Amino acid sequence: MKRVGVFVCDCGSNIAGTVDTGLVAEEAAKMPGVAFSTTYKYMCSDPGQELIRKAIAEQGLSQVVVASCSPRMHENTFRKAIAGAGLNPYLFEMVNIREQDSWVHSDREQATRKACDLIRMAVFKVLKNKPLQAGTIPVTRRALVIGGGIAGMQSALDIADAGYDVVLVEREATIGGKMVQLDKTFPTLDCSA
Amino acid sequence: MVAVAQHPHIKVYTLAEVDAVNGYIGNFSVTIRRRAKYVDWNKCTGCGTCETKCPNKKIPNEFDLGLGTRTAIHKVFAQSVPNKPVIDAQHCRMLQSGKCGVCTKVCPTQAIDFEDRDELVTEAVGAIVMATGFDQFDWASKYGEYGYGRFPDVISGLQFERLVNASGPTGGKIKRPSDHEIPNRVAFIKCVGSRDDTKGKSYCSRACCMYTAKHAMQVVDKIPGGEAYVFYMDVRTAGKGYEEFYERGVSKGVKYIRGRVSKIYPRGNRLVLKSEDTLLGRPIEVEVDLVVLATAMIPAAGSSEIAKRVGFSTDKDGFFQEAHPKLQPVETFTGGVFLAGACQGPKDIPDTVAQAGAAAVKVCGLFSKSELATQPMVSEVNAARCSGCGLCLPICPYQAIGMQTVRERGHGGTIERRIAAVNEVLCQGCGACVGACRPGALNLKGFTDEQLVAEVDALCL
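Those sequence lines, one after another, are chains A and B. Read in my numbering, the first sequence has 161 at position 161, and its numbers run on one by one without any break. Read in my numbering, the second sequence has 45 at position 45, and its numbers run on one by one without any break.
Excised from the complex, chain A in its bound form (with noise of 0.2 Å):
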């Protein structure tokens, strides 16, 4: 038996100035499979990722939801929460209500109903997710830099200091780039070379 839970985040004022996100929250709990849903201020933080953790433990949640920002922003956050429950972190989807819906449109009431959309399109989706699982690739502990100016020798020396070995790449016949060209450099105004 799937049991979805459904997480709104309010982000502070930018989610909840304009989504009413506990009718949000009311609605999602009517969808087919949703066993939980709940409302919280800021769902990324420390409390927000315990209320998530301990909603899977008690409530027996097979799968979850998040409605919140760009997955860009947060995406990882919320499937490491999840992984720390013991579920799958790909049994999970993350529903965007602020850059899709409440940052682009002020009516109360059809964004309130757009965000109730998504979170049935994501509860839909995710009835139908599966475990995935990361496979691995090793790693070649050796570094190429292009580019022999005050980036590249900087982070050359950075990356060989740590250790491991550096190819650098230069088109000209010296590194130093154009730095080898000024004089003083502000504002400590000591010499470049």
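Be a bit skeptical, because a hint or two may be false.
What the hints assert, rightly or not - The calculated lysine-lysine pairs, modelled on DSBU-like cross-linking and capped at a C-alpha distance of 30 Å, are: (1) K80(A) <-> K445(B); (2) K240(B) <-> K130(A); (3) K445(B) <-> K178(A); (4) K114(A) <-> K326(B).
Read the hints as simulated data drawn from the structure, not as lab findings. Remember, predicted model here, so these are calculated numbers, not experimental data.
Following the hints, position chain B against chain A.
Chain B alone, transformed into the frame defined by chain A:
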């Protein structure tokens, strides 16, 4: 510089370029082209005799931005690292016409090798740091009001650096390029190509306000009775100790005039600048001996080509695109490729050093693991459905799909057929192949047809 060359963990290839990059995070194979130097650096002691004897002495020196001259066989500059010369084939009489060879005769170690050719080497690496830097905006082709480069005494900030540098063409004395006289009045124009949508770039180049403050101070300090005028739109000194540095210049007598220079024209052997002082609200005219332009920083020549070769994207101005402007400023969208310095956007030395350190830490973080986890949301092939048409191969932007032969039972025997195969490490999960697959054999894990149809159903049913 020397610390880099002498570091036991750093191998330096100069006069070299990256020809090709294959592979993926943790496992790149890089082809490096070492261009012909025509000097065997193993034999060369760097004594410099060849440079003094080379008969072709009047070649404009790129290192001094045309302000000085060099020979065909030359070191880039006296302290270059490695401290060895190369032959510029285009200007070498021997390589062009087969007649000369003076350097061969004078070289005490027989290091000259006219038979030298480009050489390809391959290196295996796990991470790549891009640090290709910037070039100067070509103001002379755009700014007609500053003379299109016709006036020799209108120079760029980097040219001024060469004039004031002790190892430069004037030995550190600020002299006008036209008559080698010491200029008494020097004007500086900021934002040439920067913050100028019509002729140049919309962005601020960030370092110019400060190096102009330095240049103006050097004029006042180094030239007895020297006067410096700085024409500006804004003075931006956002950095630790920067405002104080600018104030120091002002207290030494550098005159800042808020206004854009609308025209430069010669009067006698001087140059006249027409501008407006927007704080006084009236037009002004200043007669000077030398004009220094603070030109915009643009991506280094060849940036977009190297970005394509390594396999990551550039932004609207051609700088390398970071994965996130705040949260991933040194990462690219391509795993294992990091950014440092002005190749990512205009920046000054302190910021460059900081970013280079950040990129190095990212590399070290990657190297701290013996194995990397791949992201599992990749394409998979349903072998039973794949017709082997191969349409997905050219669609894949990451060259992650190849063909494989499978043996299966059918028609009363074993048959062999070709089907698509996804390299799960190269696949970035973009889904382009799924749309192209006519038999519906490709599916993106985490975004399968079944999952997407369920989403549509959620809205429609």
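Are K80(A) and K445(B) close enough, with their CA atoms no more than 30 Å apart? 19 Å, holds
With a cut-off of 30 Å on the C-alpha distance, tell me whether K445(B) and K178(A) pass. Roughly 47 Å between the alpha carbons, so the hint for K445(B) and K178(A) is violated.
Does K130(A) lie within 30 Å of K240(B) when you go C-alpha to C-alpha? 52 Å, violated
Does K114(A) pair with K326(B) here, judged by a C-alpha cut-off of 30 Å? 29 Å, holds
When each numbered hint is compared with the structure, violations occur for hints 2, 3.
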